[in-house]
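Participant: Residue-level listing of the chains:
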Amino acid sequence: MNINLTILGQAIAFFIFVVFCMKLIWPPVIAAMQERQKKIADGLAASDRAARDLELAQDKAAQELREAKQQAAGLIEQANRRAAQIVEASKDDARKEGQKLIEQARAEIEQERNQTREALRAEVAVIAIAGAEKILEASVDASKHNEMLEKLAAEL
Amino acid sequence: MAGTTSEYIQHHLQNLTYGQLPADSVRPDGTVLSEATWTIAQTSGEATQMGFWAIHVDSMAWAIGLGAIFLFLFRLVAKRATSGVPGGLQNFVEIMVGFVDNSVKETFHGKSDVIAPLALTIFCWVFLMNLMDLIPVDFIPHLFTLAGFPYMKIVPTTDINVALGMALSVFALILVYSIKIKGVGGFVGELTMHPFSSDNIALKVLLIPINLLLEGVSLLAKPVSLALRLFGNMYAGELIFILIALLPFWAQWALSVPWAIFHILIITLQAFIFMILTIVYLSMAHEDNH
Chain A
1 MNINLTILGQ
11 AIAFFIFVVF
21 CMKLIWPPVI
31 AAMQERQKKI
41 ADGLAASDRA
51 ARDLELAQDK
61 AAQELREAKQ
71 QAAGLIEQAN
81 RRAAQIVEAS
91 KDDARKEGQK
101 LIEQARAEIE
111 QERNQTREAL
121 RAEVAVIAIA
131 GAEKILEASV
141 DASKHNEMLE
151 KLAAEL
Chain B
1 MAGTTSEYIQ
11 HHLQNLTYGQ
21 LPADSVRPDG
31 TVLSEATWTI
41 AQTSGEATQM
51 GFWAIHVDSM
61 AWAIGLGAIF
71 LFLFRLVAKR
81 ATSGVPGGLQ
91 NFVEIMVGFV
101 DNSVKETFHG
111 KSDVIAPLAL
121 TIFCWVFLMN
131 LMDLIPVDFI
141 PHLFTLAGFP
151 YMKIVPTTDI
161 NVALGMALSV
171 FALILVYSIK
181 IKGVGGFVGE
191 LTMHPFSSDN
201 IALKVLLIPI
211 NLLLEGVSLL
221 AKPVSLALRL
231 FGNMYAGELI
241 FILIALLPFW
251 AQWALSVPWA
261 IFHILIITLQ
271 AFIFMILTIV
281 YLSMAHEDNH
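Residue numbers (UniProt numbering), protein chains in the order written: chain A, 1 to 156; chain B, 1 to 290.
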């Protein structure tokens, strides 16, 4: 176990190795590691952000859904009201139309009755005159008895 | 197994040493050198004779080879590093880098581009060098013996020179940063004005040697403890593996397997401690709170 030049040789080798390691090994490896660390940190931050965005989007979707439902409910109510109005209006129209028809029919009936009455009256006058003639066996002077006949006809 | 038990153990604990033998040395084969010669030591005695100006070829080769494997693997990933989905190897490298980066951030609060790569290099390199301890003690040395090498020690961290070389490099960094951050005056002040201080000038001057002794010892203890802790743990572990290898071959597994499993913890822990203490020492050098 002799102390000799090996000390110096070892020290020189040590120095060269350390310089080599310092210049050519440590910087690239540590740079790659730090870069990866940064990438991972960025990735984690991005995923956090995405999760937050998703939550926001979900909130927004829920809100829009709620609004759409409200809008739809409003529309349905409006439609119902309108339908009721329309039904009501049609009922009114129908009633008026019916009334009109009835009145028209009445007027026609009245008119026909009057016509019939006039016809009957004329006929009754004729029949009455014929009957009177038969009874009197003489002709009735129409012109003479016209006034009386007309009075009679009016009474019928 | 050649020779006696103690020869076997000594053989395993001897590094392959290349150095200069003085003139008139007698080689093991009986030849006498006429002049000082650069050669590989054939015995422990020759290795000792070579003195300081020799080098442990095996320690250096394995240490540099393992360091190169570490750098090659990590460079491979660094070149193709992607911030997308990482592949298997990149995953592993990133775990190591992330682990070291965390350790540095927990302990060191200043800003430095050197400390983190330094800590990564220390951890991976020391771990790989310690890992060689788990290879059965005779496999690779025996192959090298067959190839003609007298000695081969494959665990660089069981060589005090390797541990001390790294610890002294860290010590040099401690000194450099202390002076860089605090200035020469600040650093000297730190060594001489603490822990004992006084408002009285005379007393203050009187306390300087005491402070210097205390702080100097604690400063010098840093590299020594750093080196000896790693070396001691690995050397002891290796020695126990060698002792286990002395048992009959059919009984070795009963001890070597539990020890190897326990040793997995030791080699990781020692690499980790070396790295953490380096970070702590350097962060202390960066702190300017005196």
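Hints listed in this document are in silico derivations from the structure and should not be mistaken for laboratory results. A quick note: this is a predicted structure, and the numbers were derived from the prediction, not measured. Check before you lean on any hint, since a few could be wrong.
As the list claims (entries may be wrong) - Quick list of simulated restraints, FRET-style, between CB atoms: (1) A/56 with B/269: 47 to 57 Å; (2) B/52 with A/19: 41 to 51 Å; (3) B/269 with A/55: 46 to 56 Å; (4) B/273 with A/55: 50 to 60 Å; (5) A/38 with B/20: 50 to 60 Å; (6) B/189 with A/27: 52 to 62 Å; (7) B/138 with A/38: 18 to 28 Å; (8) B/48 with A/27: 20 to 30 Å; (9) A/38 with B/146: 31 to 41 Å.
Said to hold, decoys possible - Straight line, CA to CA, 27 Å or less: simulated DSSO-like cross-link-like pairs of lysine-lysine: (10) B/79 with B/111; (11) A/23 with B/204; (12) A/91 with A/69; (13) B/180 with B/222; (14) B/204 with B/105; (15) B/111 with A/39; (16) A/60 with A/39; (17) B/204 with B/180; (18) B/105 with A/39; (19) B/182 with B/111; (20) B/111 with A/38; (21) A/23 with B/105; (22) B/204 with B/182; (23) A/38 with B/222; (24) A/38 with B/182; (25) A/151 with B/79; (26) A/91 with B/180; (27) A/39 with B/204; (28) B/111 with B/180.
To be verified - If you want the ones that stay clear, here's a sample from chain A, every Cβ over 12 Å from chain B, calculated: (29) 4; (30) 10; (31) 71; (32) 99; (33) 113; (34) 151.
Glycine residues also receive a C-beta, built at the ideal position from the N, C-alpha and C atoms.
Participant: For each hint, tell me whether it holds in the structure or not.
Facilitator: We went through each hint and held it up to the structure:
1. The beta-carbon spacing between residue 56 of chain A and residue 269 of chain B, approximately 55 Å, falls within the hinted interval of 47 to 57 Å.
2. In this structure, residue 52 of chain B and residue 19 of chain A break the distance hint of 41 to 51 Å, their C-beta atoms being roughly 26 Å apart.
3. Distance hint check: the CB atoms of residue 269 of chain B and residue 55 of chain A are about 51 Å apart, consistent with the given range 46 to 56 Å.
4. A hinted range of 50 to 60 Å holds for the C-beta pair residue 273 of chain B and residue 55 of chain A, which are about 52 Å apart.
5. One distance hint, 50 to 60 Å for the beta-carbon pair residue 38 of chain A and residue 20 of chain B, holds here, with the actual separation near 58 Å.
6. Roughly 36 Å separates the CB atoms of residue 189 of chain B and residue 27 of chain A, a value that falls outside the hinted 52 to 62 Å.
7. Remark: the range hint 18 to 28 Å for residue 138 of chain B to residue 38 of chain A is contradicted by a beta-carbon distance near 52 Å.
8. For the pair residue 48 of chain B and residue 27 of chain A, the beta carbons lie near 45 Å from each other, so the given range of 20 to 30 Å is not met.
9. Take residue 38 of chain A and residue 146 of chain B: their Cβ atoms lie about 56 Å apart, and the range 31 to 41 Å is violated.
10. At roughly 25 Å between alpha-carbon atoms, residue 79 of chain B and residue 111 of chain B fall within 27 Å of each other, so this suggested pair holds.
11. Taking the CA atoms of residue 23 of chain A and residue 204 of chain B, the gap is near 46 Å; set against the 27 Å cutoff, the hint is violated.
12. A C-alpha spacing of about 33 Å is found between residue 91 of chain A and residue 69 of chain A, which places the hinted pair above 27 Å, so the restraint is violated.
13. Taken as a hint, the residue 180 of chain B and residue 222 of chain B pair is honoured in the structure, with Cα atoms around 19 Å apart against an allowance of 27 Å.
14. The straight-line distance between the Cα atoms of residue 204 of chain B and residue 105 of chain B is roughly 37 Å, outside the 27 Å bound, and the hint therefore fails.
15. Distance check on the hinted pair: residue 111 of chain B and residue 39 of chain A sit about 25 Å apart at the alpha-carbon level, within 27 Å; holds.
16. A C-alpha spacing of about 31 Å is found between residue 60 of chain A and residue 39 of chain A, which places the hinted pair above 27 Å, so the restraint is violated.
17. Note on residue 204 of chain B and residue 180 of chain B: the hinted pairing holds, with a Cα-Cα distance of about 26 Å set against a maximum of 27 Å.
18. Note on residue 105 of chain B and residue 39 of chain A: the hinted pairing holds, with a Cα-Cα distance of about 22 Å set against a maximum of 27 Å.
19. Only pairs whose Cα atoms come within 27 Å are accepted, and residue 182 of chain B paired with residue 111 of chain B is accepted, the gap being roughly 15 Å.
20. For the proposed pair residue 111 of chain B and residue 38 of chain A, the alpha carbon gap of about 21 Å is at most 27 Å, so the pair holds.
21. The hinted pair formed by residue 23 of chain A and residue 105 of chain B meets the criterion: a straight-line CA distance of about 19 Å does not exceed 27 Å.
22. With a CA separation close to 21 Å, the supplied pair residue 204 of chain B and residue 182 of chain B stays within the 27 Å bound.
23. Note on residue 38 of chain A and residue 222 of chain B: the hinted pairing is violated, with a Cα-Cα distance of about 39 Å set against a maximum of 27 Å.
24. A hinted pair counts as satisfied when its Cα atoms are at most 27 Å apart, and residue 38 of chain A with residue 182 of chain B does not qualify at roughly 36 Å.
25. About 143 Å separates the Cα atoms of residue 151 of chain A and residue 79 of chain B, which puts this hinted pair outside 27 Å; it is violated.
26. This hinted pair does not check out: residue 91 of chain A and residue 180 of chain B have alpha carbons roughly 109 Å apart, beyond 27 Å.
27. At roughly 58 Å between alpha-carbon atoms, residue 39 of chain A and residue 204 of chain B are farther apart than 27 Å, so this suggested pair is violated.
28. With a C-alpha separation of about 13 Å, the suggested pairing of residue 111 of chain B with residue 180 of chain B holds against the 27 Å cut-off.
29. Non-interface status of residue 4 of chain A relative to chain B is broken: a Cβ of that chain comes within 12 Å, the nearest being about 5 Å off.
30. With a cut of 12 Å on Cβ distances, residue 10 of chain A falls inside the contact zone with chain B, its closest approach being about 3 Å.
31. For residue 71 of chain A, the shortest C-beta to C-beta distance to chain B comes to about 51 Å, beyond the 12 Å cut-off, and the non-interface label holds.
32. Listed as a non-interface residue, residue 99 of chain A keeps its Cβ farther than 12 Å from every Cβ of chain B; the least gap is roughly 92 Å.
33. Non-interface call for residue 113 of chain A relative to chain B: holds, since the shortest CB-CB distance, roughly 110 Å, exceeds 12 Å.
34. Residue-level check passed: residue 151 of chain A sits 131 Å from the nearest beta carbon of chain B, beyond 12 Å.
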